[in-house]
Amino acid sequence: MQLHGASNQEGRFSMIVTRRTALAAGLAVPAIAQAQNDPIRIGEINSYTAQPAFLVPYRNAWTLAVDTINAQGGINGRPLATIFRDDAGKPEDAVRHAGELINNERVALISGAFLSNIGLALGDFANQNKKLFVASEALTDALVWSRGNRYTFRLRCSTYMQAAMLVEEAAKLPAKRWAVVAPNYEYGQSAVRWFKEMLTRAKPDVQFVAEQFPALGRIDAGATVQALAAANPEAIFNVTFGADLTNFVRQGNTRGLFERRAVVSMLTGEPEYLEPLGDEAPEGWIVTGYPVEQINNPTHNAFRDAYRAKYRELPKLGSVVAYDTVLAIAAMLRKVPSLETEAMVEAMRGLKFNGVFGQGESEFRAADHQSTMGAYVGRTVVRGGKGTMADWRFADGRAYLPSEDAARAMRPAG
Amino acid sequence: MLGNLAVQALSGLASAASLFLVAAGLTVIFGVTRIVNFAHGSFYMLGAYLGWTLATNLPRGHVPFWGGVVLAAVIVGLVGVVVELLLLRRIYKAPELFQLLATFGVVLVVQDAALWIWGPQDLLGPRAPGLRGAVYIFDSRFPLYDLVLIGIGIAVFLLLWLLFQRTRFGILVRAATADREMVGALGVNQRLLFTGVFFLGSALAGLAGALQVPRESVNLQMDLAIIAEAFVVVVVGGLGSLPGAALAALLLGQMQAFGILVFPQITLVLVFLVMAAVLVVRPYGLLGRAPAGHAASLHIVEPPIAPLSPRGRLVAAVALGLAMLAPLVLADYALVVMTEICVAILFAATLHFIMGPGGMASFGHAAYFGIGAYGAALLVKHLAAPMELSLLAAPFAAGIAGLAFGWFCVRLSGVYAAMLTMAFAQIAWSTAFQWVAFTGGDNGILGVWPPAWAVPKPVQAWGALVLCLGGAFLLRRMIFAPFGAALRAQRDSVLRAEAIGIDTMRTRWFAFAIAAAFAGLAGGLFAFTKGSVFPTYMNISRSTDGLLMVLLGGVQTVTGPIIGAIAYTGLHEQLLRLTDLWRAVLGAIIIALVLFFPRGLAGLGAKQ
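Respectively, the protein sequence lines represent chains F and G. Everything in the first sequence is counted per our numbering, starting at 45 for the first residue and increasing by one. Everything in the second sequence is counted per our numbering, starting at 16 for the first residue and increasing by one.
Since the hints were made in silico from the structure, they are not lab data. Predicted model, so just to flag it, every value in this text is computed and none were measured. Glycine included, every Cβ here is placed at the ideal spot set by N, Cα and C. Please note: incorrect hints may appear among the correct ones.
[Unchecked claim] Computed footprint of chain F on chain G; a stretch qualifies when at least three of its residues, placed anywhere within it, have a C-beta under 8 Å from a C-beta of chain F:
hint : segment
1    : 337-348
2    : 399-408
3    : 430-443
4    : 489-500
5    : 517-524
[What the hints assert, rightly or not] Cut-off 30 Å, straight-line C-alpha distance, at most; resulting in silico cross-link-like pairs (DSBU-like, lysine-lysine):
hint : chain 1 : residue 1 : chain 2 : residue 2
6    : F       : K216      : F       : K240
7    : F       : K247      : F       : K220
8    : F       : K220      : F       : K240
9    : F       : K174      : F       : K430
10   : G       : K108      : F       : K174
11   : G       : K472      : F       : K379
[Claimed, not checked] Label-pair distances were calculated between CB atoms; the ranges are:
hint : chain 1 : residue 1 : chain 2 : residue 2 : range
12   : G       : T182      : F       : Y355      : 52 to 58 Å
13   : F       : E384      : G       : Q589      : 27 to 33 Å
14   : F       : N148      : G       : M339      : 47 to 53 Å
15   : G       : A603      : F       : K174      : 52 to 58 Å
16   : F       : K379      : G       : Q589      : 34 to 40 Å
17   : G       : T594      : F       : R150      : 19 to 25 Å
18   : G       : F411      : F       : R237      : 30 to 36 Å
19   : G       : A341      : F       : K174      : 22 to 28 Å
20   : F       : K354      : G       : L329      : 22 to 28 Å
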């Protein structure tokens with residue numbers, strides 16, 4: 045993939061456009077040729093006002109990706125256009141927007157969903173209305189397994205995959221007595237369930253001595269930390285994130301909860317959650333995340349430079365998710381002869397695309413519509429007054445998914 | 016072991032101290048002005064953000080740090096004064112709870128303002144100078160700052176107590192809390208008193224917010240996270256009672272701290288269970304007193320409602336006719352919005368039924384909407400019931416819940432009753448949210464789609480028109496029927512109504528259940544038009560949406576909720592699509608409407 049500013053490329057891409065136009069006209073790609081200059085419309089529904097910390101960088105990168113693709117001549121000459129809709133964190137509003145985008149705005153497909161329940165609501169809506177839905181972030185396993193359906197695909201590596209990546213590391217630790225802390229909703233409960241199940245399978249002699257399930261966004265950090273310390277575990281599995289994580293870490297540091305204890309933590313290496321902690325970021329936690337400033341490969345460098353040039357800050361993980369979603373959609377659109385939903389669904393199944401992590405091809409598995417996009421696993425450290433990741437490696441999502449046959453068996457709807 | 020218990024108790028005290036600071040401001044404001052101030056959480060959030068800004072920009076050191084905390088509190092106090100002077104002062108004469116609408120507008124505006132000023136990221140402020148560390152208690156560590164926070168909580172309590180016992184201002188505040196009219200009659204300058212109280216209450220919220228900076232991250236969800244708990248503390252303690260707030264904060268702080276040791280899964284619902292239990296046993300809170308004298312009826316006796324004039328009937332008939340024809344011509348999405356408006360109309364009409372003619376406020380009406388939706392969806396999910404049967408079950412499920420919850424709620428009055436409805440709604444919500452095996456948790460119940468004949472949008476729109484407007488019409492008939500007359504009679508005077516043989520309690524109870532059943536029907540319909548059911552169907556924000564519709568339209572007229580539902584749903588839908596700043600715009604519109612139409616939208620027409 046290429047990333048470059050539009051301004052100095054003007055001469056070149058106008059030429060590309062002309063050539064593509066000629067090509068399209070000559071090779072008879074009927075539907076697309078017919079609506080030659082009409083943009084291909086994508087309906088993007090997300091909780092922009094309810095989850096701004098993740099979704100402002102997300103939307104920035106989305107705009108950047110679409111602009112870049114359009115500057116390169118769009119999809120076979122047709123530009124991409126995005127219609128953004130804010131669901132305010134409510135599934136019912138998301139479903140209404142989906143109806144409006146399809147009926148009034150005539151979008152070719154729906155994308156988005158940060159929250160799991162909104163992902164599921166939109167997936168079910170897509171199935172009912174036979175429209176393509178590409179979920180970008182929503183982590184719940186149900187989206188592609190127990191409630192998976194023909195019309196729903198998901199980019200981000202799921203709760204199961206992230207838990208599997210961390211279990212691999214956790215099993216190497218000598219710790220036998222574990223405590224868990226997780227926000228009390230589906231994501232937290234699933235993460236804990238998978239972690240326990242997989243860790244017990246890998247090390248049958250581990251025991252779980254304490255569980256805390258604070259309400260999402262309402263952690264009583266002091267009491268939670270104290271309750272965990274009272275059980276005197278050797279290691280802790282943490283699933284809290286955002287404000288809960290910040291408060292948990294601050295109280296935990298002051299009360300010495302993390303001293304001489306291993307901590308394994310979901311998502312904590314993501315800049316969204318690590319940055320607000322500043323120099324109080326915990327050290328030595330084993331986390332999944334995104335060491336944005338350290339990754340060094342041409343694809344990621346180009347992405348990072350373009351993002352920084354436009355928005356004057358480093359991209360966050362939300363930016364990667366948005367950019368990759370656009371790239372995957374674009375790759376799919378390049379393969380289809382028309383914007384007919386069934387054709388797009390067939391193109392999505394087994395679709396290969398190159399994400400901005402620059403770690404090679406990812407694939408939307410045909411069996412369960414889950415992409416094999418990976419994540420980075422490493423340790424947290426504090427450098428120059430800021431939290432970041434060290435000793436990280438890229439974990440390819442492919443290695444942390446059940447086999448396609450096993451996944452197919454988990455999808456009642458096929 | 017002993018150390019752990021001691022530290023857990025101290026952790027509870029630290030939470031109690033910060034809860035008390037927020038609740039103290041809220042209870043003082045309510046006691047004097049009778050305003051249910053939803054914006055109190057926003058003041059708390061503003062205090063935290065200002066505290067963060069001052070703490071990060073001022074030089075390090077004891078004086079700048081604590082000076083910054085005090086400065087943040089004073090600034091927030093002044094913001095409170097501005098809100099009181101420009102907004103609330105103009106609408107004290109408006110009907111009960113109308114001011115709530117205005118404060119809700121403030122909440123929306125502050126949310127977008129904070130996002131605009133401080134950005135979307137969570138902010139972590141510096142720790143208090145010299146208080147980074149911890150002290151050892153037996154073998155456990157306890158943060159030094161939390162210890163200081165407990166001290167500050169006690170100090171503020173003592174200072175407030177002195178203020179209320181020893182100064183003229185304090186005596187006036189207590190007098191106004193006991194009997195506002197009498198204080199006015201004695202020639203006390205009420206305007207000055209109200210402004211002063213607002214400054215004090217807002218500054219306390221700001222102080223509580225600024226004091227959280229060294230403990231917690233500052234974020235945009237703080238306002239709504241604290242407001243429900245602050246209300247619980249105020250109500251459990253007794254509205255307007257400062258010692259009550261302190262006692263309730265202590266109780267809830269310890270409940271939280273030890274609750275998570277015993278029931279780590281139900282922290283969400285624990286506070287509401289406590290509130291429900293306290294209100295059932297002590298209807299006016301732990302240290303609250305039944306309001307004396309005139310204050311007992313917060314209601315202004317309302318003018319009797321008249322049936323529609325012939326012209327009104329004509330307008331209504333024409334509007335209904337046009338609505339019935341609309342599905343023939345409108346596009347699919349317009350019909351989706353129309354269906355949603357119909358559901359909103361029925362929902363608002365049911366809330367109005369208990370608020371207007373019934374004279375009981377409800378902060379938890381979404382419970383019945385949600386229980387209806389879940390009742391229908393659960394039948395579909397577990398028994399594969401057809402839509403027709405499930406829709407029939409929705410009002411029954413909600414009606415039974417209404418009978419059960421209502422039995423407790425109708426025994427209380429005013430804001431206490433409203434808070435008890437909220438407690439039940441939160442209990443229902445947490446059940447839906449956390450009983451994953453049965454309700455699907457926050458991932459909800461999917462696949463609640465109508466059968467093939469009801470899939471076309473015109474059919475759905477007609478169905479919604481017939482059922483929702485039919486339901487609203489039935490409720491209207493009931494208001495004019497003898498039952499409705501009895502309902503209105505007990506609202507205007509319980510004593511006189513009892514004297515002529517009306518069983519006021521039972522009248523209120525049945526009205527509550529009827530409203531719940533119709534709200535359940537609205538919820539069931541909503542489930543089938545959306546295809547899925549989620550706990551958000553019964554969360555606080557849906558309850559407040561209902562309140563906004565009723566208050567916007569006007570409580571006193573029967574047409575009010577219908578107009579309010581159309582205006583609010585339409586506005587919300589348009590704004591959500593038009594602008595990212597929809598909260599600020601919606602908030603500003605609500606504030607403007609409150610200022611210019613203090614009797615609601617429908618009141619505008621009725622007045623002339």
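>> Check the structure against each numbered hint from earlier and tell me which ones fail, lowest number first.
In response: Violated hints (numbers, rising): 2, 3, 4, 5, 9, 10, 11, 14, 15, 20; every other hint is consistent with the structure.
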